[in-house]
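Residue numbers (our numbering), protein chains in the order written: chain A, 3 to 636; chain B, 83 to 187.
It is worth saying that the hints were derived from the structure and are not from the lab. Each hint should be verified, as a subset may be incorrect.
Stated by the list, open to error - Each pair of labels, with its calculated beta carbon distance range:
hint : chain 1 : residue 1 : chain 2 : residue 2 : range
1    : A       : I622      : B       : A165      : 54 to 60 Å
2    : B       : N183      : A       : V591      : 36 to 42 Å
3    : A       : N587      : B       : I166      : 51 to 57 Å
4    : B       : A98       : A       : T615      : 17 to 23 Å
5    : A       : Y616      : B       : L148      : 24 to 30 Å
6    : A       : Y616      : B       : A98       : 15 to 21 Å
7    : A       : K604      : B       : N183      : 18 to 24 Å
8    : A       : I622      : B       : I150      : 26 to 32 Å
No residue lacks a Cβ here, since even glycine has one placed at the ideal position from N, Cα and C.
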Amino acid sequence: MDSNNTIGLHAAWVIPLLSAIAFLIIVISMRLVGFFFSERSKLVMLAPILSITAILTGFILFWLVLLDVLNFGGGSISMNWLTVGLTEIRWGIFVDKVSVTMLGLVTFIALLVQVYSLGYMKGDRHFEWYFAIHSLFAAAMLTLVLADNLLFLYFAWELVGLGSYLLIGFWWEKRSAAEAAKKAFITTRIGDVCLLIGIILLFKATGTFNISTIFHIAESGGIGEVTLNSSILLIFIGAMGKSAQFPFHVWLPDAMEGPTPVSALIHAATMVAAGVYLVARMMPIFQLAPEIMLIVMIIGLITFIFAGTMALVMSDIKKVLAYSTISHLGLMMLCLGAGGVAAAIFHLVVHGIAKALLFLGAGSVMHSISNETNIWKMGGLRHRMPITAVTFFIGAASLAGLPPLAGFFSKDELLLSVLHDGQYVVLAITLFGVFLSALYMARVAIVPFLGSTPKHLAKSHESSLIMWIPLVILAILSAGVGFLILPLSSSYPGWAEFIDPTHHFELEPWLMILSIILALAALILGWSIYLKKSVSAKQVSQFAPYLYKAILNKYYIDDFYQWVIDKCVLAFGRLVALFDRVVINDTAVDGSAISIYLSALKTRVLQTGYLFTYGAAMAIGACGLSILWWVLLD
Amino acid sequence: MIELTHFQVLSGLLFAIGLYGVLARRNLILVLMSIELMLNAVNINLIGYSSFMNASESHRALGHVLIIFVITVAAAELALAIAIILRLYRNKSSINTDDINIMKW
Numbered sequence: 003m004d005s006n007n008t009i010g011l012h013a014a015w016v017i018p019l020l021s022a023i024a025f026l027i028i029v030i031s032m033r034l035v036g037f038f039f040s041e042r043s044k045l046v047m048l049a050p051i052l053s054i055t056a057i058l059t060g061f062i063l064f065w066l067v068l069l070d071v072l073n074f075g076g077g078s079i080s081m082n083w084l085t086v087g088l089t090e091i092r093w094g095i096f097v098d099k100v101s102v103t104m105l106g107l108v109t110f111i112a113l114l115v116q117v118y119s120l121g122y123m124k125g126d127r128h129f130e131w132y133f134a135i136h137s138l139f140a141a142a143m144l145t146l147v148l149a150d151n152l153l154f155l156y157f158a159w160e161l162v163g164l165g166s167y168l169l170i171g172f173w174w175e176k177r178s179a180a181e182a183a184k185k186a187f188i189t190t191r192i193g194d195v196c197l198l199i200g201i202i203l204l205f206k207a208t209g210t211f212n213i214s215t216i217f218h219i220a221e222s223g224g225i226g227e228v229t230l231n232s233s234i235l236l237i238f239i240g241a242m243g244k245s246a247q248f249p250f251h252v253w254l255p256d257a258m259e260g261p262t263p264v265s266a267l268i269h270a271a272t273m274v275a276a277g278v279y280l281v282a283r284m285m286p287i288f289q290l291a292p293e294i295m296l297i298v299m300i301i302g303l304i305t306f307i308f309a310g311t312m313a314l315v316m317s318d319i320k321k322v323l324a325y326s327t328i329s330h331l332g333l334m335m336l337c338l339g340a341g342g343v344a345a346a347i348f349h350l351v352v353h354g355i356a357k358a359l360l361f362l363g364a365g366s367v368m369h370s371i372s373n374e375t376n377i378w379k380m381g382g383l384r385h386r387m388p389i390t391a392v393t394f395f396i397g398a399a400s401l402a403g404l405p406p407l408a409g410f411f412s413k414d415e416l417l418l419s420v421l422h423d424g425q426y427v428v429l430a431i432t433l434f435g436v437f438l439s440a441l442y443m444a445r446v447a448i449v450p451f452l453g454s455t456p457k458h459l460a461k462s463h464e465s466s467l468i469m470w471i472p473l474v475i476l477a478i479l480s481a482g483v484g485f486l487i488l489p490l491s492s493s494y495p496g497w498a499e500f501i502d503p504t505h506h507f508e509l510e511p512w513l514m515i516l517s518i519i520l521a522l523a524a525l526i527l528g529w530s531i532y533l534k535k536s537v538s539a540k541q542v543s544q545f546a547p548y549l550y551k552a553i554l555n556k557y558y559i560d561d562f563y564q565w566v567i568d569k570c571v572l573a574f575g576r577l578v579a580l581f582d583r584v585v586i587n588d589t590a591v592d593g594s595a596i597s598i599y600l601s602a603l604k605t606r607v608l609q610t611g612y613l614f615t616y617g618a619a620m621a622i623g624a625c626g627l628s629i630l631w632w633v634l635l636d
Numbered sequence: 083m084i085e086l087t088h089f090q091v092l093s094g095l096l097f098a099i100g101l102y103g104v105l106a107r108r109n110l111i112l113v114l115m116s117i118e119l120m121l122n123a124v125n126i127n128l129i130g131y132s133s134f135m136n137a138s139e140s141h142r143a144l145g146h147v148l149i150i151f152v153i154t155v156a157a158a159e160l161a162l163a164i165a166i167i168l169r170l171y172r173n174k175s176s177i178n179t180d181d182i183n184i185m186k187w
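Using the sequences plus the hints, can you model the full thing?
As C-alpha cells, this is what we get:
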C-alpha cells in the first residue's frame with residue numbers, strides 16, 4: 003500500500019465522478035430542452051447516451067484500477083475538505099482488493115442494466131429522469147465502495163438510499179409505488195441513524211473518521227471495550243437496514259414496485275450489497291468484538307431461513323426473487339459472522355450476477371406478457387422465449403448450488419467458513435436453508451417456463467436484442483465465475499487467498515458432496531411437485547395450515563409494524579400535535595396576545611376624560627406610593 | 083400638654099378633608115379652597131415637627147422657614163388656578179366640575 007500516485011489510483015476516483023457529471027448534465031439539459039427545443043423526441047436519447055458512456059468508461063477504467071491493485075496492492079488518496087479546530091475532514095478513496103472487486107461488480111452490472119433499460123423503459127414518459135437517477139445512484143454507490151473515511155462513506159450511503167427511493171418511486175403516480183418508496187427510505191433510515199451514532203462514537207473515541215487509522219487505534223487497544231462494542235453493534239444495525247436483514251427486511255419485497263431493471267441493479271447486486279460491504283470492510287474491528295460477530299451470525303441465519311420459507315409460497319415472480327435476495331443476504335451476513343470475508347464477498351459477486359440475471363429475465367418475461375407477474379398465470383414459456391428461459395435456468399441453477407456453476411463454488415466456500423468457525427448447529431440449520439433455496443429456485447424456474455402455455459399467452463415472444471444480450475452475458479459469467487475460486491496458476495492462489503492472505507484454499511469433500519445432494523434432492527422434489535405433479539403442493543401445505551397461512555402473510559410482521567406505527571408513533575404524534583395546539587399556540591402565543599387585550603380593556607375605564615377621575619387616580623397613586631415607601635423603609 | 087401627635091393628627095385630618103374636597107366638590111372654587119386646605123394642613127405638620135424636634139443650632143427654625151416657602155408657592159399657584167378657571171368659564175359658561183370631561187383622545 004505504498005504507491006499513492008499511480009494512474010490506476012487516480013482512475014479510481016474518476017469513475018464515480020464521471021457518473022456524477024453525467025447526472026448533472028442530464029438534469030440540466032432536461033430543463034433546457036424545454037426552452038430551446040419544441041420537439042422532445044430529438045433529445046430524449048441524450049440522457050441514456052451520457053449515462054451509459056459514463057458507466058462504460060467507468061468499467062473500462064476499472065480494469066486500470068484492477069491492474070494497479072494486482073501490481074501494487076492498491077493505495078489511498080485523499081484531500082482536505084474542512085478543518086475544524088484540530089480535526090480534519092477529508093475526501094478520500096481507498097483502493098484495495100475488496101473495493102476493486104466491488105468496483106468491478108457495480109460498474110459491470112450497472113452497465114448491463116442501463117443497456118437493458120434502453121429496451122425495457124422505451125417510451126416511458128420520464129425516460130431521461132430514469133437515466134439521470136441511474137447515474138446518480140452509480141456515482142453514489144461507487145463512492146461508497148471507494149470511501150476511505152466513515153463520514154464520506156455515510157454521505158455516499160445516504161445518497162444511495164436517495165437513489166433507491168427515487169427509483170422505487172419512479173412511477174409515483176401509482177399510489178403503491180409511492181408508499182413502497184417511502185417505506186424503503188424510512189426503514190433504511192432507522193438503520194442509518196444507528197450507523198451515524200456508531201460512526202460518531204468511533205470518532206469520539208479515536209478523533210478521526212479515517213478507517214485505516216481507526217483500525218490501527220482499535221487493534222492497539224486504544225478504544226474502550228464498551229465504546230467499541232456499542233459502536234460496532236450500531237454500525238451493524240446500519241448494515242442490517244440497508245441489507246434487508248430481519249427485522250428490517252420489510253422494505254425489499256415492496257420495493258418490487260419499481261421498474262424491474264431497478265430491482266436487478268439495486269435490490270440484487272449493488273445497494274443491498276452495501277451493508278455486506280460495510281461489515282466486510284469493518285471486519286478488523288468486528289473481529290475485536292466476538293459477541294457482536296455472534297449476533298451477526300444469528301441474525302444472518304434467521305434472515306436466511308425465514309426469507310427462504312417466504313420465497314417458497316409467494317406467487318409473484320418478483321416477490322419470490324426479492325425474498326430470495328433477502329435470504330442470500332442473510333447467508334452472506336452469516337458467513338461474515340463466521341469470519342469468512344473472502345467467501346462472503348465471493349458470494350456477493352456471484353449472487354449479484356445471478357440475481358441480476360434472474361431479475362432481468364423476469365423483466366423480459368413481464369415485458370412480453372404485458373406485466374403479468376403471477377407465476378401461476380404463466381407456463382411453458384420456454385417455447386416462446388427460449389433465450390430468456392435458458393438464461394433464467396442457468397441463473398436459478400447457479401443460485402441453487404449446482405456444480406459446475408458459480409453458485410456451487412460460492413455456497414461451498416460459505417459452508418466451509420461456517421464449518422471452520424466451529425458452529426455445527428448453525429451449519430446444520432444452514433444446510434436446511436440451502437435445501438430450501440434450491441427448492442424455491444426450482445419452483446420459480448419450473449412454473450413459468452416449463453409445462454404448457456395457457457391460451458392467453460400464445461402471442462408472447464422473445465424480447466428484443468438489446469434486452470437479451472445482457473441476459474446472455476450474465477449467464478455466461480454466472481456459469482464461469484465460479485472457477486475463480488480455484489488456484490488457477492502459480493501467481494493466483496485462489497480467490498480466498500487473493501482477498502485475505504491468511505486464508506488458504508482447501509476443500510472439504512464431504513461438505514461438498516452433502517451440499518450437492520441437498521441441491522439435487524430439492525431440485526428433484528421441485529420437479530416432482532411442480533412439473534410432474536406427483537406430489538401435491540396443496541397437501542404439503544395442509545400439513546401445517548397455520549404455519550402456511552403465517553408464511554403467506556409474511557409472518558404478520560408488516561401488520562405488526564403497521565400496528566406499532568398506528569398505536570404508538572401516530573398516537574404520540576397526535577399527542578405532540580395536541581400539546582402544540584393547546585399549550586404553545588393557544589396558551590403561549592394567543593394567550594399572551596389576549597391577556598394584553600383584556601388588561602387594556604380593564605384599564606381603558608380610567609380614561610373618562612373627566613378631570614376629577616384623573617385627580618382621584620393621582621391621589622390614590624400618591625397614597626399608594628407613600629404606603630409602599632413606608633412599608634419598604636420599615 | 084400639646085404633643086407632636088396632636089399636630090400630626092390635626093394635619094392628617096385636615097389633609098384628608100382637603101383631599102375629599104378636591105375630588106368630590108362640584109364647584110371649581112370650592113375645589114380651589116380644598117387645595118388651599120391641603121396646603122395649610124401640610125404647613126401645620128411642618129410647624130409641629132419644627133417645634134418638637136430637637137435640632138441643632140442652625141436648623142432650629144427649619145420648619146418655620148419651610149412654611150414660608152409653602153405659603154408663597156400656594157399663593158402663586160392660586161393665582162394661576164384662578165386664571166385657568168376664568169378661561170374655563172369663558173369657554174364653557176359653567177364652573178361645574180361635571181362639565182370638564184373633554185380630556186380624551
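For the hint 18 to 24 Å, verify it against the beta carbon of A/K604 and that of B/N183. holds (21 Å)
51 to 57 Å as the expected CB spacing between B/I166 and A/N587, which holds or is violated: At roughly 53 Å between Cβ atoms, B/I166 and A/N587 fall inside 51 to 57 Å, so the hint holds.
Look at the Cβ atoms of A/I622 and B/I150 and judge whether their distance stays inside 26 to 32 Å. holds (31 Å)
Regarding A/Y616 and B/L148, is the given constraint of 24 to 30 Å on their beta-carbon distance met? holds (28 Å)
Satisfaction of the hinted span 15 to 21 Å by the C-beta atoms belonging to A/Y616 and B/A98: holds (20 Å)
Cβ distance range 36 to 42 Å for B/N183 and A/V591, holds or violated: holds (39 Å)
Per the hint of 54 to 60 Å, is the separation of the Cβ atoms of A/I622 and B/A165 within bounds? violated (28 Å)
Cβ separation of B/A98 and A/T615, checked against the hinted range 17 to 23 Å: Roughly 19 Å apart at Cβ, these two residues keep to the hinted range, so it holds.
Checked against the numbered hints above, the structure violates only hint 1.
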